[in-house]
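Chain A is fixed; fit chain B onto it per the hints.
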Amino acid sequence: MPPITCVRCQANKAVVKRPKNHHKLCRDCFIAVFEDEVHHTIVSSKLFYPGEKVAIGASGGKDSTVLASVLKTLNERHNYKLDLVLLSIDEGIKGYRDDSLETVKRNALQYDMPLKIVGYDELYGWTMDQVVETIGKKGNCTYCGVFRRQALDRGAKTLEIKHVVTGHNADDVAETVLMNLLRGDLPRLSRSTSIVTGGSLNDVKRSKPLKYAYEKEIVLYAHHKKLDYFSTECIYSPEAFRGTARSLIKNLEKVRPSAILDIVRSGEDMARLTPDKGQGACACDEGEGMGGCGSADAKSSGNDLAQMEASLKKQPAVNGLETEITSNGAPEVIDSDDVVKLPVRQRRTKESGPVQLQTLGKCVKCGYMSSQAMCQACTLLEGLNKNRPEISIEG
Amino acid sequence: MAASCSRCKAPDAKFELRNVATCERRFTVLQRETRASPKPEPRRYVAGLSFGPSSTALTQILDKTARYQASRKGSSPFEPLVVHIDTDLSHPADALDTPAQKLLARYREKFPNVSLECVHLSRVLSVRTIDWTTIPIPADGSDVERLQQFFSSLPSVTSRADSLRLFIRHLLLHVAMERSYSALLFGHSTTALASLTLSEVANGRGFAVPWQISDGLFAVCTYHRAADPAGAGESSQEGSKIQFPIYYPLREILKNEIVTYLSTMPSVQDLIPPVDKTSSSVVSHKDQSIEEVMARYFDGVEGPYAGIVTNVVRTAGKLDRLETSQYCRLCGITLDDEGDSTWAGELGDDPADGSLTLNKGKLCYGCKRSMGG
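Chains as they are written, first to last, in my numbering: chain A, 1 to 395; chain B, 1001 to 1373.
These aren't lab readings, by the way, just hints derived from the structure by calculation. Here a beta-carbon is modelled for each residue, glycine too, at the ideal position from N, C-alpha and C. This list has only true hints and no planted wrong ones.
Some chain A residues judged to face chain B by a derived CB distance under 8 Å, without partners named: (1) H40; (2) T41; (3) S45; (4) L178; (5) N251; (6) L261; (7) V264.
Chain B residues, not near chain A, derived (Cβ > 12 Å throughout): (8) G1052; (9) S1090; (10) E1117; (11) P1136; (12) S1263; (13) S1267.
The shape of chain B in the complex, shown without the other chains:
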C-alpha cells in the first residue's frame, strides 16, 4: 500500500505527483519547478492575486523568495508587489474596510516580505491601454456607476466575465507599467491556462491564444483621447507602443498539485475560502459563462487525464504569434485582417447590432462578439 517516495525514497508517500508517489517533504520540490522571469535587475515584479489557490501559492513563493534574497548579501533587490483587484462594485472605490481589504490584511500578516495592495476595478477607467471610445461606457456618473451600467448593458454572462477578465489584466498591466516594475506575473496553473485557451477559442479569439498564454514580451499600445471636445464620439489616437514582459510562473503546475501544496501549509490554507462543493453540480446554463463551463470541464479532466491538460497548453504554445500593425482596442492583441477577409460565417449575425460594424477594424472578432452578443 503505502508507497515510498520516488524522489527521496522516504517511506509513506502521501501524495501522488504526476502519477508518481511523493512524500510530503518532497512536495515542496514544486517550488523549484516554478520559474521566475529572466534576470532584470533590480527584480521588481507585480503579481496578480485573486485570493484563489494558485495566486495564493504564487504569493507564498514570492514571499519565501523575497525572504531568501534579503538574507543573501550582495543579491540584487527583489521587490514583489502583489496586487488584488477589488471587483466589488457595490461600494464606492475609496471605501475602506471592504471584505477584500480585510482579507488582504490577513495576507499581509502571513506574507511580511511582499508588498500587498488593493486596487479597485473602477481605476481601470483611467487606463490608457484600452480605447474607451470603442466600447459602450456611459459618460456620466461616478466611475463605479459607469462600470456598473456598462456591465449591466452587456448581453450575456459570458460577455461580462470576458470584459471583467480583460479589465483586470489591463489594470494589473497598468499598475506594473506606471510604477516601472519590470514584469507582470500571473498565477495561472497549467489547468487555468488550458481552460483559458479553450475559453478564448470558444470566444472566437483563437488568433489571440498564443499571445494570451505565452511567457514573454507583450506589445502594449496606448490610446489618447481626441483632444478636440467636439470630437467626443471620434475614435482615440493611437499612441505609443511598448513591449512589456508577462509571465506565468506556475504554468507547469496543475491546479490540484497547487491545492495539495497549500494543504501542506495549514496557516496559508486558512486564507483561502473553502472550495464551493456545489460547483460540481450542474446549475442553470443561463447564469454560466463560457469561462465557467471550461473551468468545470477541466476540473473533471484534470484528475484522470492530466496529460491532456498539459497537452492543450503545450499545443497552443507551438502556435505562431503573428504580429500586425494594428491592435484590438479592447483586448490589446494584434488584429487579424486576413481572418476577417476569409471569414464567411457572418450571416445570421444581427444586422441591427451596431457594434459589429461600428468598430470595424478596431476590435477583434472575439471582442466584437463580447460587446455585441
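Chain A on its own, in the form it takes in the complex:
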C-alpha cells in the first residue's frame, strides 16, 4: 500500500489522522494547523493586548506544557509582544508535584521564561500531604481545587500580573457543560464556556486559549513537538479521569468526532439563555486546568453522580417539572381512585419562578471574591485549623 500523502501540502507522507475531523496530515502540517487554530482563537477573541504581561498556569502536564510552547511560538511568529511568565502551584504532594515541578523548571529553561512557584504551605499553612493526613484521601480533591483557584490569583498578584492563561481544552469545557446540565447548575452553565473569566469582578482575569483544542490533538502536538511533559496522575485521585461525564464525552467522540466542539458550541449558546445571560463570568469554578488532577472543579473521582444524586435529594421537595394551575385558580383536589381525570391546565407565561442569581462579594477574611460572607478556602481552612489547635497560622 502506498503511503498516504498529507491532504494539506500534498507532498509529505501523512503521519497524523486528526482526531477532530480525521484529516490525514504530515507532521509539519499538523503542527502548523494546530498553531493556526490557537492563533485564530486568540485573535478572534481578542485575548491579549501588545505588551501584556501574561502568566501561564503551568503544572508540567501536557495541556499547560503545550500551551506554553504554542504561546511562545505564536508570540514570536505573530509578534503579540507578550511578556510570558510561568506560574506554578506547589500543592505539596510528595512523589507527584515535586516531580512535575521539576518538569516545569526544565520548561522554564527550554522556553526561556521566568518561573514563579507558589506553595500551599506558604499561602495556607497546609500542604496537601498534611491535609490528607488529617482528613483522609476521601474528599481531599475539594480542598485542593478550592485552594488552587485562589493560589493562582495570589501568585499572579505577587508578580503584578492581571492575566492568567490556563490549559483548559475543548474536552474540559465540554465536560463542564454536561456536568452542569446533569447537576442543574445554571449559573455555572452560564459562565463555564466563556473564554475569558474573572476580569471586571476580580483583579486577575483568566482565559483558556486552548478552549477549542481537542485533548487528543494536544497529546499529538506534544508528541510530535517532542515536548517535555509530566504524565503521572495525582497520587490522591488516581481515577480522576474516569468521571462519568468524561467517559460519556469520550463515547460521543468515538461516535462523532465533532461532538466535543458541538457540545462547546451548545454550551456557548445555552449560556445566553440562562437567567444571567452569561454575564456573570467569574473564575471561581476553575482550577483543574493547571492542576493535572483533571477532576473538574474539585469534584471527587468516580462517584460524582452518586454525590450529585445525594445532594439533589437533600434539596427541599421541589415541584414537578410542571406547575399546575387550574382554571379557577384553586388547586384541584382529586380524590377518587378510578376516575382518570385530566386536569385543565392553563398556559403559563413563564416556566417557573425567578431563578436566583448569584451575587459576588468579597470574603470577610481574605478579601477574595466570594458569593458567601467567607470564601470557600477560608471556610475549609477554619475546619482544618480546628483540628490542629496547637499550631497557629498567621494570615
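Then chain B, alone, in the frame of chain A:
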C-alpha cells in the same frame, strides 16, 4: 421486608415509586400525574406512536380517557388520533399488510376508543414546514427512493438518526395541522426528554433545547417552492408562520415507571416487543448514533440516580426560549445569529464541504452539522 404502600397503606407494596414503596393498585395513580393539554374545545389531539413503552402507555391513557369522556354526558368531544409513522423504506409507500400495519391492527383491537393510523415516512416529502432546497434530496425517483438515497448520502449514523427524528416530528406536526387538530402530543418520558436534551447539546443544538423539550406553543414556518421552474436551485420563499401547541404529557414519568405501569396490564404489554437484552452490552461505536449513546447512558443513570434525570429536564426547562425572525429551514427552530457571530471554533471544519457555507443563514449549526458531518 414487604413494605406497605405509602399511599394507601395496603400491605405488600410491590413497586418502588420515586424511592417510595407503592402497591400495584396505587401505581395507576401515575395516570393522574400525566397531564393533558389545556382546554381547547373540542379536544382533538394527535399523538405519536412509536410502538415503544412510553407511546404505548400514552395511547392506553388516551384510550381510557376517551372512554371516560364518552361516558359522560355533556362533556366536550375528546378525539384522539394516534399516528404511527412507518419508517420502513424497504417497501413502497402504499404497501398494505406491512409489519407496522399488522401491529397497528392489534393496537386497534386493544384500544377501541382512539383512532389509529399508519402514515408512511415518504409522505414527509410533501410537508411544507421543511425547506427542501436546503437539504440534499435527490429530485428523481419515487418518494421512497428519494428518501433512501438521501439517507444513504448522509455522512454518519448520527446524521441519519437526527434527520429521521426531525422528519417524524415534522410529519406528525403536518398531520395535526392539516386536519385541524388542536395539539400534538409526544410520549416522551422524563428519561427520554433528558436524553433528547443531551443529544441535542451533543449535536450542537443547545440553542434549540428549550424549544424542543418544553410544552406549549411552537412557531411553525412553512415554505413555498419557488414558482419559477428555472429557479429550481433557488431557495424557497418563506411563507406563513403559525403557532401550534406541542405537549409531552408523560414528561414527569421516568421510563422504568412506565415499564412497571405497563407490566400491570398484561394484555397491553403483549403489544410491546420484548426489550432487547443485548442493548446493554457495548457494540461497535461506528454503528451507533449520538442518540443511542445518550439513551444508553440514561438507562444506566435512571435506576440509581433518578433525581439527575429529572434535573436535566428541569434545568433545560429554565432556559429562555429566544425568538428571532428567522427559522432553521430543517429543524424549524429559531436561528441564532449571535451564536454564529461569536463562535470561533469553526477551524478544522472541512472547507470542501459545501453544505456548511451553502446554507449560511438558513440552517442552524446543528442541522448544518447533520447534513455535513
